[in-house]
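Using the sequences and the hints, build the whole thing.
Protein chains: 2
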Amino acid sequence: MKQIAVVIADLFEDIEYTSPVESFQEAGHQVVTIGKEEGVTVTGKNQKVQLKVERGIDQVKIEEFDALFIPGGFSPDILRGDHRFVQFAKGFMEAQKPVFAICHGPQLLITAKTLEGRKATGFNSIKVDMEYAKADFLDQEVVVDREQLVTSRTPDDLEAFNRESLRLLNS
Amino acid sequence: MKQIAVVIADLFEDIEYTSPVESFQEAGHQVVTIGKEEGVTVTGKNQKVQLKVERGIDQVKIEEFDALFIPGGFSPDILRGDHRFVQFAKGFMEAQKPVFAICHGPQLLITAKTLEGRKATGFNSIKVDMEYAKADFLDQEVVVDREQLVTSRTPDDLEAFNRESLRLLNS
Numbered sequence: 001m002k003q004i005a006v007v008i009a010d011l012f013e014d015i016e017y018t019s020p021v022e023s024f025q026e027a028g029h030q031v032v033t034i035g036k037e038e039g040v041t042v043t044g045k046n047q048k049v050q051l052k053v054e055r056g057i058d059q060v061k062i063e064e065f066d067a068l069f070i071p072g073g074f075s076p077d078i079l080r081g082d083h084r085f086v087q088f089a090k091g092f093m094e095a096q097k098p099v100f101a102i103c104h105g106p107q108l109l110i111t112a113k114t115l116e117g118r119k120a121t122g123f124n125s126i127k128v129d130m131e132y133a134k135a136d137f138l139d140q141e142v143v144v145d146r147e148q149l150v151t152s153r154t155p156d157d158l159e160a161f162n163r164e165s166l167r168l169l170n171s
Numbered sequence: 001m002k003q004i005a006v007v008i009a010d011l012f013e014d015i016e017y018t019s020p021v022e023s024f025q026e027a028g029h030q031v032v033t034i035g036k037e038e039g040v041t042v043t044g045k046n047q048k049v050q051l052k053v054e055r056g057i058d059q060v061k062i063e064e065f066d067a068l069f070i071p072g073g074f075s076p077d078i079l080r081g082d083h084r085f086v087q088f089a090k091g092f093m094e095a096q097k098p099v100f101a102i103c104h105g106p107q108l109l110i111t112a113k114t115l116e117g118r119k120a121t122g123f124n125s126i127k128v129d130m131e132y133a134k135a136d137f138l139d140q141e142v143v144v145d146r147e148q149l150v151t152s153r154t155p156d157d158l159e160a161f162n163r164e165s166l167r168l169l170n171s
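Protein chains in written order, with our numbering: chain A, 1 to 171; chain B, 1 to 171.
Some clues are possibly wrong.
Repeated chains share a single entry, so a pair holds when one copy, or any two copies, can fit it.
Capping the alpha-carbon separation at 25 Å, the derived lysine-lysine pairs in PhoX-like fashion look like this [unchecked claim]: (1) Lys119 / Lys45; (2) Lys48 / Lys134; (3) Lys52 / Lys134; (4) Lys2 / Lys127; (5) Lys134 / Lys113; (6) Lys90 / Lys127; (7) Lys113 / Lys127; (8) Lys127 / Lys45; (9) Lys90 / Lys134.
Simulated from the structure, these hints should not be mistaken for laboratory data.
The following block contains the structure:
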């Protein structure tokens, strides 16, 4: 069983949270939602999913977790305006722990300056940002780089995203 | 009287649309809202402002307008996923017509690859994107570059943003 940190704020893409989390939990892994403040309720951009933040960002340490998951929507942009989440994401990348980012999720990794020289994908609207950030952007349903970083483009890619994320968790 | 194109989609930052538009109109200028499709209603992210798209992006030409205004919020990210808006913004920058962008507005200019070597500012969360895009990012309430590009960071900067945008329109 692996411990997976999920960083989340309002306006996350609903299914990009629920689908991976369900597949991680079904495989026996544990998911912990981390937001700006413990106990706050956050709402997806399609208003379909509401969830409670289990741990505030000030209460967690990278060493407690085996992997980081960054759902998409506008949540990653909200999070990267707060340097604590940028440092948190940077820590996973530097420790070479698995990081799973879908859609706008890679925005947090751009701000952490951790995409340089990395193969990755993301939502169409952030393609140029990722290229400027020196990522090698690939237009594929899923990109796995150095068996550590898993990225996908949209909810349509969830099956491949979940499969490759689980593969790294189980390896 | 100048003609100002405003590019807009859902989840714009309400007051970053209303405040500049009111100040442009009070000064006698004309504002035209441009979205993906004519007649569609778009709603601000704070649900305070709803407006009708007056012209679809396929119906407009850069030559009809004297200036471009890009309000912030999540609207610019939605727009830059559509290459027609990227080309439209690029056209204003290349023609050296005045461009006013606040908060997340510069995202559209990043995707259009028009910030290289330009002095500019923007919302905290897009600072690293703008630096990667080779802009000279300045943490100021308003940045006016080459008497053509006006950028600001947040709604708190609106007074300075409106003042400098109007100054360019009137010059």
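Comparing the hints with the structure gives:
Within a single copy, Lys119 and Lys45 get their C-alpha atoms no closer than 28 Å, and across copies no closer than 33 Å, so neither meets the 25 Å cut-off. In this assembly of identical chains, Lys48 and Lys134 lie within 25 Å of each other by CA distance neither inside one copy nor across copies; the values are 35 Å within and 39 Å between. Neither within a single protomer nor between protomers do Lys52 and Lys134 lie at most 25 Å apart by alpha-carbon distance, with minima of 35 Å and 39 Å respectively. Taking CA atoms no more than 25 Å apart as the test, Lys2 paired with Lys127 passes in neither setting, with 31 Å inside one copy and 34 Å between copies.
For the homomeric pair Lys134 and Lys113, the shortest alpha-carbon distances inside one copy (9 Å) and between copies (14 Å) are both at most 25 Å. In the homo-oligomer, the alpha carbons of Lys90 and Lys127 lie at most 25 Å apart both inside one protomer (20 Å) and across protomers (17 Å), since each shortest distance falls under that limit. In this assembly of identical chains, the alpha carbons of Lys113 and Lys127 lie at most 25 Å apart whether taken from the same copy (15 Å) or from different copies (12 Å). In this assembly of identical chains, Lys127 and Lys45 lie within 25 Å of each other by CA distance both inside one copy and across copies; the values are 21 Å within and 24 Å between.
For a Cα distance limit of 25 Å, the shortest separation of Lys90 from Lys134 qualifies both inside one copy, at 16 Å, and across copies, at 22 Å.
Hints 1, 2, 3, 4 from the earlier list are contradicted by this structure; the remaining hints agree with it.
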